[in-house]
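Below are the chains, spelled out letter by letter.
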Amino acid sequence: MTAQDTLDIQNLRLSFRNWSGSVEVLHGIDLRIARGERVALVGESGSGKSVTARIVLGTMQETPGARVSGRILFGGRDLDAMSRTERRAVRGTAMSMIFQDPTTALNPVYRIGTLVHEVLKRREPAITAEEARRRGGDILREVSIDDPERVLDSFAFQLSGGMNQRVMIAMSLINEPQLLLADEPGTALDVTVQAQTLKLMRDLVESHGTSVLFISHNLGVVREFADRIYVIYRGRIVERGPTAAIFEDPRHPYTRALLAAIPRLTGGGIPEIAERSDSFLAPMVAHEEVMG
Amino acid sequence: MTSEPILSVIDVTKRFTVGQRVVTAVDGVSFDVAEGECLAVVGESGSGKSTIANMILGLYPPSEGSLIFRGRDLPERRTLELRRQIQLVQQNPLSSLNPRRSIAASLRLALDVHGYGAPAERPGIIEDLLAEVGLDPHLARRSPAGLSGGQRQRVAIARALACRSDLIVLDEPTSALDVIVQARVLRLLEELRRAHGLTYIFITHDLSVVRNVADRVAVFQRGKLIEFAATARIFEDPGTEYTRSLISAIPVVSEEEAALRDSLARAGVP
Ligand SMILES: Nc1ncnc2c1ncn2[C@@H]1O[C@H](COP(=O)(O)OP(=O)(O)OP(=O)(O)O)[C@@H](O)[C@H]1O
Ligand SMILES: Nc1ncnc2c1ncn2[C@@H]1O[C@H](COP(=O)(O)OP(=O)(O)OP(=O)(O)O)[C@@H](O)[C@H]1O
Ligand SMILES: [Mg+2]
Ligand SMILES: [Mg+2]
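So the protein lines, in turn, are chains W and R.
Mapping of the first sequence onto our numbering: position 56 corresponds to residue 963, and the numbering continues sequentially without gaps.
Mapping of the second sequence onto our numbering: position 134 corresponds to residue 187, and the numbering continues sequentially without gaps.
Hints were generated in silico from the structure; no laboratory data involved.
Some hints could be false.
[As the list claims (entries may be wrong)] Label pairs and their in silico Cβ distance ranges:
1. R:ARG194 to W:ALA1189: 26 to 36 angstroms
2. R:GLU244 to W:HIS934: 27 to 37 angstroms
3. W:ASP985 to R:GLY168: 52 to 62 angstroms
[What the hints assert, rightly or not] Non-contacting residues of chain R with respect to chain W, defined by C-beta distances greater than 10 angstroms in every case (computed):
4. ARG130
5. ILE178
6. ASP219
7. GLU225
8. SER228
9. ALA229
10. VAL232
11. ALA248
12. HIS258
13. VAL262
14. ALA283
Ideal placement from N, C-alpha and C gives every residue a C-beta, glycine not left out.
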């Protein structure tokens, strides 16, 4: 099984050192994504979703005070065994990330057109500015940006939240990565544009066997997009299984509480929330995997 | 709700210049916000929602038109009192929090500037605010970079609630929160609105949230206000093709909702 997995995370731990000692925020995460599989990581705010993605990308390890342990295999290769240069070369090409906070992830001193050119150069160092602009325009159109010329000439602060998010999505897909880390990719998109960008990701998965780690609080989108789901609570996976199993037969108390808190289109007001319960710390539930 | 609107947006247009181009972000928009209501603002990405929020806050003036707050023109330079009365939770919380200041210091500054509470009480007020939005008080010592996306968003909400303002503009305030925390925050906002008669302008793409919290809904497309009506009306009898297309694309988690969505999206189609 492991051989064809694009990503295999084993016993991942992360702690931060501060003046009063050390706090562990990931307590041993196991997660794997097969080639061409769409896996969602959902759960509590502050539970460790973004840091997990940033460890896979390799940037968390460079944060002062952060200590990471465990094993991460990418296409069967141990990421720790790669040199720093090798890891940097993978970033933005074989592996790319849509950051939760696009306005800060996009370098504010360059125009979008320049940023797109830089990303393309990572895979094709010789690409010309005109060619990069043409390719950038094409992919921006695919994420429903109807005036790509203006966007390419703009700085991030001149674009709306959702336009920046789409620029990030476009830049992460443009080199056709093997692994896409999508951290809250649709929070600033209206539902019709969101549906269009999801379709684009799905197409890439199908045409290139791209694997996706999809982090989202929008469980409706997760239900539509993901093949499998991992539910995380306070730095631990509490439940995992195929999407249908998680929605139809949630077994862990935290997963049940989460599903019960979703605001419904059928109305009835915002659900009343039970206080945090000790049962949320119950052991992990793993659903049977459907193979094939 | 009283009859006098708390805010009137009258024929507002906002243009930006980008290089040689002129971008009309907001194009001749007029609407009233009633005292005490929760008005949802939805619509296309890039349709001018945040631009309107920023103008209400006075971050920049309209190119044309006027903003009337409680019967008076909102001046370009805001008095301290106006800055207390109108608050904004920005779409991107990281850009609105000073990266070099601890969370506690940012909240403290908001209270100090507006002279809210006796100085000795302020640390207690901050602790209560953080607890209300479900944040551990020990996070307050960290800088924004040491927080998760949703933790930052809750700090921004806590700061906007700190001064008990009258009008709060919430730009995607819960998009980085899990649904449990989201429910808690939305219920808190609702309680405060009832208890203190607050008014909210709630910008969001989450139409399931809109259905459950908003009194009225404004729909934007390409800088224009294309529809404005009571929440039930927007969902049950959408007046534009665009609104209908939004409804038909709402992601849901149950078959029951999917059936409702599909029947709503068909409603009124001749
Ligand atoms: N630099 C840091 N120093 C100390 N703690 C940190 C740092 N960065 C993150 N954390 C903590 O690590 C935990 C996990 O953060 P992470 O950003 O992964 O959460 P998340 O699951 O993505 O949440 P959200 O849904 O709110 O984005 C949080 O409790 C956060 O406060
Ligand atoms: N400072 C600026 N300079 C130039 N153009 C701008 C500026 N601010 C906004 N715009 C443009 O104005 C339009 C409206 O942007 P705005 O941020 O108001 O959209 P929005 O409705 O909030 O979208 P989203 O849902 O994506 O957040 C966009 O085309 C944007 O590029
Ligand atoms: Mg996060
Ligand atoms: Mg916006």
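Okay, the hints, checked on the actual structure:
The supplied range of 26 to 36 angstroms is met by ARG194 of chain R and ALA1189 of chain W, whose beta-carbon atoms lie about 31 angstroms from each other. Between GLU244 of chain R and HIS934 of chain W the beta carbons are some 35 angstroms apart, a value that agrees with the proposed interval 27 to 37 angstroms. For the pair ASP985 of chain W and GLY168 of chain R, the beta carbons lie near 58 angstroms from each other, so the given range of 52 to 62 angstroms is met. Even its closest Cβ contact with chain W, about 22 angstroms, leaves ARG130 of chain R beyond 10 angstroms, as expected for a residue assigned away from the interface.
For ILE178 of chain R, the shortest C-beta to C-beta distance to chain W comes to about 23 angstroms, beyond the 10 angstroms cut-off, and the non-interface label holds. No beta-carbon of chain W comes within 10 angstroms of the beta-carbon of ASP219 of chain R; the shortest separation is about 23 angstroms. The claim that GLU225 of chain R is not at the interface with chain W is violated, since a C-beta of that chain comes within 10 angstroms of its own (minimum 6 angstroms). Interface exclusion of SER228 of chain R from chain W breaks down, the closest Cβ pair being 4 angstroms apart, not more than 10 angstroms.
The Cβ of ALA229 of chain R sits about 7 angstroms from the closest Cβ of chain W, inside the 10 angstroms cut-off, so the non-interface label is violated. Not every CB of chain W is more than 10 angstroms from the CB of VAL232 of chain R (nearest about 4 angstroms), against its label as outside the interface. Against the 10 angstroms criterion, ALA248 of chain R stays outside the reach of chain W, whose nearest CB is about 16 angstroms from its own CB. At roughly 5 angstroms, the least C-beta separation between HIS258 of chain R and chain W is not larger than 10 angstroms, which violates its mark as non-interface.
A cut-off of 10 angstroms between C-beta atoms contradicts the statement that VAL262 of chain R is not in contact with chain W; the least separation is 5 angstroms. A cut-off of 10 angstroms between C-beta atoms confirms that ALA283 of chain R is not in contact with chain W; the least separation is 14 angstroms.
The structure fails to meet hints 7, 8, 9, 10, 12, 13 from the earlier list, while all remaining hints are met.
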